[in-house]
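Participant: Each protein sequence line maps, in turn, to chains X and H. For reference, each letter of the first sequence is one residue, going 1 to 112 in the working numbering. For reference, each letter of the second sequence is one residue, going 1 to 114 in the working numbering.
Please keep in mind that the hints were generated in silico from the structure rather than gathered at the bench. Even for Gly, the Cβ is constructed at its ideal location relative to N, Cα and C. Hints may contain errors.
[As the list claims (entries may be wrong)] Across the chosen pairs, the derived CB separations fall in these ranges:
| # | chain 1 | residue 1 | chain 2 | residue 2 | range |
| --- | --- | --- | --- | --- | --- |
| 1 | X | Asn18 | H | Pro55 | 40 to 46 Å |
| 2 | X | Glu5 | H | Asp97 | 28 to 34 Å |
| 3 | X | Pro29 | H | Thr70 | 33 to 39 Å |
| 4 | H | Ala2 | X | Asn18 | 42 to 48 Å |
| 5 | X | Leu112 | H | Gln41 | 45 to 51 Å |
Chain residues, written in single-letter form:
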Amino acid sequence: KNQVEQSPQSLIILEGKNCTLQCNYTVSPFSNLRWYKQDTGRGPVSLTIMTFSENTKSNGRYTATLDADTKQSSLHITASQLSDSASYICVVRSGGGNKLTFGTGTQLKVEL
Amino acid sequence: GAGVSQSPSNKVTEKGKDVELRCDPISGHTALYWYRQRLGQGLEFLIYFQGNSAPDKSGLPSDRFSAERTGESVSTLTIQRTQQEDSAVYLCASSLDSGYDTQYFGPGTRLTVL
Chain X
1 KNQVEQSPQS LIILEGKNCT LQCNYTVSPF SNLRWYKQDT GRGPVSLTIM
51 TFSENTKSNG RYTATLDADT KQSSLHITAS QLSDSASYIC VVRSGGGNKL
101 TFGTGTQLKV EL
Chain H
1 GAGVSQSPSN KVTEKGKDVE LRCDPISGHT ALYWYRQRLG QGLEFLIYFQ
51 GNSAPDKSGL PSDRFSAERT GESVSTLTIQ RTQQEDSAVY LCASSLDSGY
101 DTQYFGPGTR LTVL
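So that you can see chain X by itself, here it is in the shape it has in the complex (with noise of 0.2 Å):
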């Protein structure tokens, strides 16, 4: 079965300070991975994606890795900001099809 699990399930951390959350899946056969942001009361908004070539992606301050081998995917956020509180989904697609595999997310809160 297809599974997608994030880690930490919350965290808070201090205004500018950075923060990893961490997804590890077992997909297969896996065709790419991404990371999306939701808000508070919003629908998901994609933050990056990842394919089987791809080690890492930047996207502002929003860094993701992707270890293929062992099936990890890292999702970094620098100088963290009021706005990045928000539930972190990561999100594994399998090959020839559309189904999509879920995390349950990483509530993130950045407070003053």
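Got chain X sorted already, so can you dock chain H onto it with the hints?
Facilitator: Chain H alone, transformed into the frame defined by chain X:
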């Protein structure tokens, strides 16, 4: 349109009633997806449309759930004889086509079944 829109934003209904949730995808997007998100849980795939047809209905939890799409545009998700366990946020997303990866999500409809 500017983005995916959904209506209503909130719906409170009594157990046993039928509800209809509406999704307006981004203009020109041929693929449309419905998801359910229960409190504290991840998104759960329900159904996807390519054009007006639904190649994958595997996520629909029971025969009380149905969806249709017309004019390769608006979609409605209907839940008949609602149960309390149907309470969730129902999210709709659209993409250019089924092979195009980026899905754009609407704000969701929060359904509460009393």
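Participant: Work down the list of hints and note, for each, if the structure agrees.
Facilitator: Here is what the structure says about each hint:
1. Take X:Asn18 and H:Pro55: their Cβ atoms lie about 42 Å apart, and the range 40 to 46 Å holds.
2. Take X:Glu5 and H:Asp97: their Cβ atoms lie about 30 Å apart, and the range 28 to 34 Å holds.
3. At about 34 Å, the CB distance of X:Pro29 to H:Thr70 agrees with the hint of 33 to 39 Å.
4. Our hint of 42 to 48 Å for H:Ala2 and X:Asn18 is violated, since their Cβ atoms are close to 33 Å apart.
5. Distance hint check: the CB atoms of X:Leu112 and H:Gln41 are about 30 Å apart, inconsistent with the given range 45 to 51 Å.
Comparing the model with each numbered hint stated earlier shows that hints 4, 5 do not hold.
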